[in-house]
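End of the sequence shown sits at 382 in this note's numbering; the numbers just go up one at a time, nothing left out.
Check the hints yourself; a few may be wrong.
[Unchecked claim] For lysine-lysine, the following DSSO-like pairs were computed, each having C-alpha atoms within a straight-line distance of at most 30 Å:
no., residue 1, residue 2
1, Lys81, Lys147
2, Lys196, Lys147
3, Lys196, Lys143
4, Lys143, Lys81
5, Lys143, Lys84
For the record, the hints were derived by calculation from the structure and aren't laboratory data.
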Amino acid sequence: MNARSKIYFRAKTDRLGRIDIPLAVVTVGLLAFGVLMVYSASMYNAEVNYGNEYFFMYKQIFGCVGGVMAMFAMTLLDYRKLVKARFVVIGISICLLALVLIPGIGVENYGARRWLNLGIMTLQSSEVAKIGYVIFAAAYMSKNSEKMTTVRGWLPLIAVGGLICLLIMLEPNMSVTMCVAFTMLLLMLIGGMRIKHMALLCIPLAALVVVLIIAEPYRLARLFAFLDPWSSPLEEGYQLLQSYYGLGSGGLFGVGLFNSRQKYLFLPFSESDFIFSIIGEEIGLIGCTLVIVAFCFMIYRLIVIAQNAADRFGCYLSAGMAVLIGVQVLINIAVVTGCIPPTGIPLPFVSSGSSALITFSGGIGMCQSVRLGSHASVRALI
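Can you build the whole structure from these sequences, using the hints too?
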């Protein structure tokens, strides 16, 4: 190795040595915890339906390996290059969402087209679109920060976000639509949108949600089941009741790891959308609290990175990831605990699903890149 190569290698090593270690640890910790809980929640289902109790665990490990690779790659990438690539990123996101709606290309499951078959895995386009929108919004707001207090300033963000929400609704997937919508609104608020504009915008959006619920009988049935799940214990209220049974039987310390009873085909989607219920059943309120604390710590680290970012784009990018993770965690836990009507959305880094693992881990990598380029990169973050 010549002198020039040594200098380059040392510079790269020093750069990686300034990553946010606590953020990396909590991310990898949640990924590893997810593998454990996915195995526990799916072992019986996998054995019955696929003849292999490790079926979902193997897929989760594959997603975690892909996620760690994506996180490492995005950490090495200079995040500022994403500003120039913002139109490519959002264009790919919209194209992927449109492709799933085409018969023969989009994979249909449970009456919805949400996936693309890539051979070795299925890609859920909405997971890419969520990160894509955060990148686009952060880049737009950083370049038009002085306009964000005006209607003309934030209107393009509404237009692009609205198109993404429309395509996701056509799948249909109302839960992810709500996640994107809330992320969009909070990002614009962070970017400088006036409170009065936000209030005026929320009125038609709230009315639209009501219309969407009324327009589809199954959504209305879910709403009634949420209000009184015991009125339909074997139909619309079944999943919520089974989630209650899991959380309730866990108590303070849980029934023990791998000892869940709800995973024996009582609780649908126990390895994905309702994995938090299995966590509550097996490791109790203490375990659930620790998981929530881990997510809060992750969001805190992302906020600190945003505060110390060297430019507006880095600030908005990290803040956007913090908002996206926070919104999705809140929706997932609120559904499982019966605080909002049942809707399917995974718990980031924990639920089964390779697409989400890879995209969210890549998002953390982007924030690590912001950290490496920040004013605080030469000292430990608080």
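With a cut-off of 30 Å on the C-alpha distance, tell me whether Lys81 and Lys147 pass. Roughly 23 Å separates the two Cα atoms, so the pair holds.
With a cut-off of 30 Å on the C-alpha distance, tell me whether Lys143 and Lys84 pass. Distance ~11 Å between Lys143 and Lys84 Cα, so the pair holds.
So if I understand the rule, the pair passes when the alpha-carbon distance is 30 Å or less; does Lys143 with Lys81 pass? holds, 14 Å
30 Å limit on alpha-carbon distance, applied to hinted pair Lys196 and Lys147: At roughly 15 Å apart (the allowed maximum being 30 Å), Lys147 and Lys196 satisfy the hint.
Does Lys143 sit within 30 Å of Lys196, going by the straight-line distance between their CA atoms? Given pair Lys196, Lys143 holds - Cα atoms ~23 Å apart, limit 30 Å.
In this structure, every one of the numbered hints holds.
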